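As given, the protein sequences belong to chains G and B, one line each in that order. 592 is the number that UniProt numbering gives to position 592 of the first sequence; each next residue is one higher, with no gaps. 29 is the number that UniProt numbering gives to position 29 of the second sequence; each next residue is one higher, with no gaps.
Rather than coming from a laboratory, the hints here were simulated on the basis of the structure. Hints should not be assumed to be uniformly reliable.
To be verified - Coverage of chain B stretches by chain G, computed from C-beta distances (three or more under 8 Å per stretch; other residues unrestricted):
#1 77–84
#2 104–112
Stated by the list, open to error - Per the computed footprint, the stretches of chain G lying under chain B, defined by three or more beta-carbons under 8 Å from a beta-carbon of chain B, are:
#3 382–389
#4 553–563
Since the structure is predicted, the reported quantities are computational estimates derived from the model, not experimental observations. Think of the CB as a built atom: it goes at the ideal place given N, C-alpha and C, for glycine as much as any other residue.
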Amino acid sequence: MNLGLTWRLLKGGGKGMLGTWLTLGAVAVSTALLLFAVAANFAFEVRGERGAWRNPVPATSGAVAVEASRYDYVRDQAITVVDLGALGRAPAPPGMPRFPAPGEVWLSPALAALAARLPAGELADRYPDPAGVLGDEALIHPDELVAVVGHEPGDLALTAARSDDWVIAKPPTKVADLAGTPSEDSEAYRMLALIASVLMVVPLLVFGGAAARLTVARRDQRLAALRLVGATPGQVVAMTVAEAMIVALAGALVGAVAFALAVPLLAGIEMQGGPWFAADLFPGPLILAAVLVAVPLLVGLSAVIGLRRVVVSPLGVARRETPPAMRFVRVLALLAVLAAFPMLSRGSSVTIVAVALGLAFLCVNLAGPWVVGVIGRITAASARRPARLLAGRRLVDDPRSAWRTVSGVALTGFVAGFLGLLSPGAFESEAGPPQLRVTAPAGQVAKVTEQARRRLAKAGVPATVKASDRVVVAALGSAADAAAVDRARTALAGLVPGRTPTTKTDDQRFGVQILADVRVGTIVVLSVSFLVAIASAGITAASAILDRRQTYGLLRLAGTPLEVLDGARRAETLIPLAVMGGGAILVGVFCATPFMLGGISTVGAVTLLACVAAGFAGVIGAGALSRPLLRSVTADPAPRPD
Amino acid sequence: MNDVLVGRALAKRFGQTVALGGVDITVRAGEAVAIMGPSGSGKSTLLHCLAGIMKPDSGEVHLLGRRIDAMSERRRSALRRTRFGFVFQFGQLLPELPAEENVALPLMLDGVPRAQAVRRAREWFGPLGLGSMETRRPGELSGGQAQRVAIARALVSRPAVVFADEPTGALDQRTGHDTMRLLAEATKHNDASLIVVTHDPDVAAWCDRTVEVRDGLILPSGVRA
Chain G
1 MNLGLTWRLL
11 KGGGKGMLGT
21 WLTLGAVAVS
31 TALLLFAVAA
41 NFAFEVRGER
51 GAWRNPVPAT
61 SGAVAVEASR
71 YDYVRDQAIT
81 VVDLGALGRA
91 PAPPGMPRFP
101 APGEVWLSPA
111 LAALAARLPA
121 GELADRYPDP
131 AGVLGDEALI
141 HPDELVAVVG
151 HEPGDLALTA
161 ARSDDWVIAK
171 PPTKVADLAG
181 TPSEDSEAYR
191 MLALIASVLM
201 VVPLLVFGGA
211 AARLTVARRD
221 QRLAALRLVG
231 ATPGQVVAMT
241 VAEAMIVALA
251 GALVGAVAFA
261 LAVPLLAGIE
271 MQGGPWFAAD
281 LFPGPLILAA
291 VLVAVPLLVG
301 LSAVIGLRRV
311 VVSPLGVARR
321 ETPPAMRFVR
331 VLALLAVLAA
341 FPMLSRGSSV
351 TIVAVALGLA
361 FLCVNLAGPW
371 VVGVIGRITA
381 ASARRPARLL
391 AGRRLVDDPR
401 SAWRTVSGVA
411 LTGFVAGFLG
421 LLSPGAFESE
431 AGPPQLRVTA
441 PAGQVAKVTE
451 QARRRLAKAG
461 VPATVKASDR
471 VVVAALGSAA
481 DAAAVDRART
491 ALAGLVPGRT
501 PTTKTDDQRF
511 GVQILADVRV
521 GTIVVLSVSF
531 LVAIASAGIT
541 AASAILDRRQ
551 TYGLLRLAGT
561 PLEVLDGARR
571 AETLIPLAVM
581 GGGAILVGVF
591 CATPFMLGGI
601 STVGAVTLLA
611 CVAAGFAGVI
621 GAGALSRPLL
631 RSVTADPAPR
641 PD
Chain B
1 MNDVLVGRAL
11 AKRFGQTVAL
21 GGVDITVRAG
31 EAVAIMGPSG
41 SGKSTLLHCL
51 AGIMKPDSGE
61 VHLLGRRIDA
71 MSERRRSALR
81 RTRFGFVFQF
91 GQLLPELPAE
101 ENVALPLMLD
111 GVPRAQAVRR
121 AREWFGPLGL
131 GSMETRRPGE
141 LSGGQAQRVA
151 IARALVSRPA
161 VVFADEPTGA
171 LDQRTGHDTM
181 RLLAEATKHN
191 DASLIVVTHD
201 PDVAAWCDRT
211 VEVRDGLILP
221 SGVRA
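Just chain B, with the same shape it has in the complex (with noise of 0.2 Å):
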C-alpha cells in the first residue's frame, strides 16, 4: 500500500502544556487507524495538525508525498475542502440547509454547479439507509441518521482521508456501532483513509489498527487484524 498521509517528529505545544512532543505517523491508502487516548493525551491536537486545521511548532506533515503543514492557511483550507472529509462528535450541519443540500455544500464550495452538486449528493443517501431523507432538515432527522449525513458529506468529495473526531460519542452504543460500520465500509469501499480519534474501543475495534496516545507520544503498539 502507498503512504498517504505522513507526519514526522510531530510537536505542539499550548502554553506551559506539551500537547504533541514529537509525533511519528504514517496512514496508507484505504488504510483506517483508530488513534486512542485519554483526555488530554494529545490525540485531537495530533488529528488537526495531520489535517492541516493547525500548524505544529515542529515537525512536517506530507500528503500523497506533498508537504502541508507550510501551505498557507488559504491553500490548506482548500486542501480541507478537496481532499480531506470531516465527521465530528454533533453541530457540523448546517440546520437551515435540508439534508441533500448539506451533503452538496462541499461541492458546491469547489464550483461544482449546483444542480449536478445535488444530484452527486442524493447518489449517496440510498446506500448509506437514508433514502426518502433528502429533503429533510437536521432537526427532523435522528441523531444516528444525522451523522450517516455527516458521513455522506465527508465523502461526496471523494477526498483521500476522512477524519472523525468522536463520531459515535453523542449516539447510544447501537446507534454508534451501526454508524462506525458504515463510515468504515463507506471510506474502504471509495478508497479513502480513515483516521478516527476516540476513546471508545468498540469504535476503534472498526479500524485496521489503533495508535495509542499517552502524554503528546506514540506508544509502541501492534496493527490490527
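Excised from the complex, chain G in its bound form (with noise of 0.2 Å):
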C-alpha cells in the first residue's frame, strides 16, 4: 500500500477537507459518547465494589468481626450506620486507618460537616466525639452519608434483631474479612446502566457508519479514476481503508480528550443520591486503548462495506433499479409483540418486561423501513409539486437510508415514550403531622414507649407517643417541622438497639431514589440519543449531498432552483420524522401502559414534551446545516478551461 499517496489524497483539498472535517467531527463525538456509555457501566462498578464492605458475607470460618447496618435519616437524606466489633485481629475497613475500637464514631466528610453545621440536637448528638473522618476508599460518593460506630461484640447493637428489609438493614453477620460483596442495588443499578448504554450504543454504531461513508463519498470520483489507471481494488481498499482509519484515530483520539474535558461536568450528575468521584468515571487505559483500537476499525470496515460499488465498477455507476418491496411480516412482529403488552403488568418479572421492551424495540427498529415505504408511496402519489414528488420517490428507493436518518429519533421516541410517562404516583408524601415509628422487642413495648416519651419531652419536641402492635409511635405536633423531627431522631436514637425510628416518607426514601434515578437516566440517556440522532442526521444529510453531487448539479445547470432541492430534501426528512417520530412515542406509551401507577406523570410528560421537541428541532437543524454544502456542491456546475 503506498502510504504516501493515501496521505496525499487524504488531504486532497477544497471540498475534500470540509468531508475530512465532518467524519473527524462525527467520530470524535460518537468516541467521546461511547467512552461515556461505557464509562458509566465501570463507574457503577466501582461504586458497587466500593460499597461491597458494608455488605457482610457471612464467614465460614475463623470470623475477625461482627458486622450490622442500617439506615438512618437526616432531613431528606440517608445515612448509613455501620456498627463494627472486633472478635478478633481484625482489618482495618477501607477508609480507615485502624478497626474501629468499641465506643469510636467515624463519619465521612459530608456528614462530619453536615453535623458541625446543624444544631447539636439535631444530628451530632446521635454520632457523638467523632474519633476521625472516612476516606473515599469508604465511599461510594463524595457527598454520601456514612457513620461507622465501632463496639464490643456482645453489644446489643451487635445482637438484637434487625428490620427483615435488606434494603434497610444488614442484620449482625460474623465475617471473616471486611471485603463484603456489591449490594443487591448496586446490582440492580449496573442492570439499568447496562440497558442504558445499549440504547446509547445502538445508534452511536449507526452513526459511525454513516460517518465512514461520508469519508467515502467524497472520495469514490478519485479512487474510481485510480481503478481506471489500473489500481487493483486490493490497493483501492487499503488506501481508502488506511484514509479512514487515520481520520478515525485522529477523530477517536480528539473524543478522548473530549470526553476527559467533560468528566469533571459528567461528575456533577447525581446518582444513589450524589455525584461521582471523577476518578471512577475514567475508564482503565486497556478500556480506553480498546475504544481507540475499535473505533477506527470499524470505521474501516464501514468504510470497506461503502466502497463495495466503487470496487466492482471502475466507473462508479450505480445502477438502480425498483426495489423489491419490504415484507409487511416485519410489522406483523411489532403488532405481535405489542399485543403482548397488556398481558404484562407491574407484577410481571424484571426479566420477562426486559425481554419484551427489548423486542419491541427491535421490531420497531425493523418496522421502521417497511412503513418508511408506505410513507414514501404516499407521499409520491399525493405529491402535487416536484419537492414533494422527488422525496416521496427517495424514500421509496431507499427506505433504509431514510430510517437510519430518522432512526435514532424514532428509537429515543419509544423510549421516551416508554418511560417519560411512568409515574411516581405510589410515593406520595407523608399526610398529616410527620410521625415516626420504631419496633420494639417483644415484651418491651411499654418500656420503650415510656422511654420514648421521657427523651422527647426532654428534648422539648412535643409529640404523642403511642404504641400499635409491637411498633412505637411518635406523632409530633403539627407545627413540627424538619428540624424538629430531627430533633426527634437524635432524641430517639438508640432507643432500639439496631433499629432506627423513622417517618412515613423516610421508609419510601429508597423507591423515591430510585424512581429519581431512573428519571435521571431517563434524561441522560434521551440526550445522548438526542445528541448522536442530531449529529446522525447532519452527517447523512452532508453525506447524501456528496453521493448526489453530479445529479444535483446537473439538475441546478438545467434550472431547477434550489429551493426545490432543498425542499425535497427538508420533505425527505421531515416526513418520517414526524410519522415514525410520533408513532414511536406512541408505541413506547402503549408499551408503559401496564406498569403505569395512577396517572399520567406531568414531570415526565412535559421532559418528554421538551426532549422531543428539542430532538426534533435538532434534527431538522441539522439537516439545514448543510444548505451550504448543497449550494456550494451545485453553483459551480463544471468550472473547467475547456
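From the two separate chains plus the hints, produce the assembled complex.
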C-alpha cells in the first residue's frame, strides 16, 4: 500500500477537506459518547465494589468481626450506619487507618460537615465525639453520609434483631474479612446502566457507519479514477481504509480528550443520592485503548462496505432498479409483540419485562423501513409539487437510508414514550403531621414507649407517643418542621438497638431515590440519543448531498431552483421524522401503560415533550446546516477551462 | 432564418488560463451547430456561457434579442428551465424517478399540474422509440434508452435551444449514432436549435455546421451542407 499516496489523497484540499473535518468531528462525538456509555458501566461497578464492605458476607470459619448496617436519616438524606465489633485481630475497614475501638464513631466528610453545621440536638448528638473522618475508599460518592460505630461484639447493637427489609438494614453478621459483596441494589443499578448503554450504543454504531460513508462519498470519484488507471481492488480498498482509519484515529483521540475534559461536568450528575468521584468516570487504560482501537477498526470496516460500489465498477455507475418491496411480516412482528404487552403488569418479572421491551425496541427498528416505504408511496402518489414528488420517490427508493436518518430520534422517542410517562404516584408524601415509628423488641413495648416519651419531652419536642402492636409511634405536633423531626430522631437514637425510628417518607426514600435515578438516567440517555440522532442526521444529510452531487449539479444547471432541491431534502427527512417519531413515542407510551402507577406524570410528560421538541428541532437544524454544502456543490457546475 | 442565440466577443479566464479569448457566434432558428475542439480548447466554456450557466468576464449573450448574461442567477435559472434544454454525457436522470417523471420534472418545476405534465411527457416516448418504458427507472434502462429519455426531457418544455455536451460520450458507436440521429431529428422537428459540444466528427456530421475551437478562439470554417 502506498502510504504517501494515501496521505496526499487524505489532504485532498478544497471541498475534500470539509468531508474530512465532518468525519473527524463525527468520530470524535461518537468516541466521546461511547467512552461515556462504557465508563458509566465501570463507574457503577466501581461504586458497587467500593460500597461492598458494608454488605457483609457470613464467615464460614475464622470470623474476625461482627458487622451490621442500617439507614438513619437527617433532613431528606439517608445516613448509612455501619456497626462493627472485633472478634479477634480485625483488619482496618476501607477508608480507615484501623478497626474502630468500642464506642468510637467515624464520620464521612459530608456527614461531619453536616453535623458541624446543624444544631447538635438535630444530628451531632447521635454520633458524639467522632474519632476521625472516613477516607474516600469507604464511600460510594463524595457527598455520601456514612457513620461507622465501634462496639464490643456482645453489645445489643450487634446482637439485636434488625428490620427484615434487606434494603433498610443488614443484620449482625460474623465476617472473616471486610471485603463484603456488592449489594443487591448496586447490582440493580449496574443492570440499569447496562440497559442504558445498549440504548446509547446502538445509535452510536449507526452514526459511526454514516461517518465512514461520508469518507467514501467524497473519495469515490478519485478512487474510481485510480481503478481506471489500473489500481487493483485490493490497493483501492487498502488506500481508502487507511485513509478512513487515519481520520477515525484522529477523531477518536479528539473524542477521548473531549470526554476527559467533560468528566468534571459528568461527575456532577447525581445518582444514588450524590455526584461521582471523577476518577470513577475515567475508564481504565485498557478500556481506553480498546475503544481507541475499536473505533478506527469499525470505521474502516464501514468504509470497506461503502466502497463496494467503486471497486465493483470502475466507472462508479450506480445501477438503480426498482427496489424489492419490503415484507409486511416486519410490521406483523411488531404488532405481535405489542399485542403481548397488555398481558404484562407491574407484577411481571423484571426479566420478562426487559425481554418484551427489548423485542418491542427491535421490532420498531424492523418495522421502521417498511413504514417509511409506505409513507414514501403515499407522499409520491399525492405529490403535486416537484419537491414532494422527489422526496416521496427517494423514500420509496431507499427506505432503509431514510430510516437511518430518523431512526435515532424514533427509537429515542420510543424510550422517551416508555419512561417519560411512568409516574411516581405510588410514593405519596405523608399526610398530616410527621410520625416516627420504631419496632420494639417483644415484651418491651411499654418500656420503649415510656422511654420515648421521656426522651422527647427532655429534648423539648412536643409529641404524642403510643404503641400499636409492637410498633411505637411518636406523632409530632402539627407545627413540627424538618428540624423538629431531626431533634426527635436524635432524641430517639439508640432507643431500640439496631433499629432507626423512621417516618413514612423515610421508608419510601429508597424507592423514591431509584425512581429519581431512573428519571435522571432517562434524561441522560435521551440527551445522548438525541445528540447522536442530531449529529447523525447532519452527517447523513451532508453525505447524501455528496453522494448525489453530480445529479444535483446537473439539475441546477438545467434550471432547477435550489429551493426545490432543498425542499425535497427537507421533506425527505421531515415526513418520516414526524410520522415515525410520533409513532414510536405512541408505541413507547402503549408499552408503558401496563406499568403506569396512578395517572400520567406531569413532570414526565413535560420532560418528554421538551426532549422530543428539542430532538426534532435539532434534526431539522442539522439538516439545514448542510444547505451551504448543497449550494456549494451545485453553484459551480463545471469550472473547467475546456 | 432568424438569429436565436448570439454570442459577441465572449471572453473568460480561469486564473492564468484563457478559456475564451473573445468569441463571436450566432445560432439561427432550427439550426444544428457542432462545437468541436480538443480537450482544453474552451468548447464547454463556450457552451456554458451561451446557456447562461456561467457569466463571461466580458462580451454579451442574446437570446431572441434579449441580453441574458447580465441577468440575475435566478432569472437565468428560470430561463434555462423554460427556454433551454440540456443533454449531458451521463448522470442527468434522477435514479429514483421513473422515466416519465424524469421527463415531466421540468414541466412540474414550471408549475404545470402533475397529471398534465406526466401526460405531456408520455407523448414523447413513442416517437423516441421508448414505448412501454414510461414507468421504468433509469437503472432499468440501457445507456441509449437513458439518453433518449434525457432527449425527451430536454425537449418537453418546447425550448428554443437544446444544448448537448458530449451526448454520445458514454455510448457505443452504433447506439451513439442512433441517439445523435434522434436528437438532431427531434430538435429540428420541434423547431428548436441544437448546439452540440463534441470531439467526435461522426456526431458533428449530424449538424448543419461545425465550429472549431482552438485555444479559446473560433477558427474560420465553412458551413456544412
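Tested hints:
Counting residues of the stretch 77–84 of chain B whose C-beta lies closer than 8 Å to any C-beta of chain G gives 7; at least three are required, and the coverage claim holds. Remark: the stretch 104–112 of chain B is confirmed as covered by chain G, as 4 of its residues place a Cβ nearer than 8 Å to a Cβ of that chain, reaching the required three. Only residues whose beta carbon comes within less than 8 Å of a beta carbon in chain B count, and the stretch 382–389 of chain G has 5; three or more means the coverage holds. Coverage of a stretch by a chain is defined here by at least three residues with a beta carbon nearer than 8 Å to that chain's beta carbons; for the stretch 553–563 of chain G and chain B the count is 8, and the condition holds.
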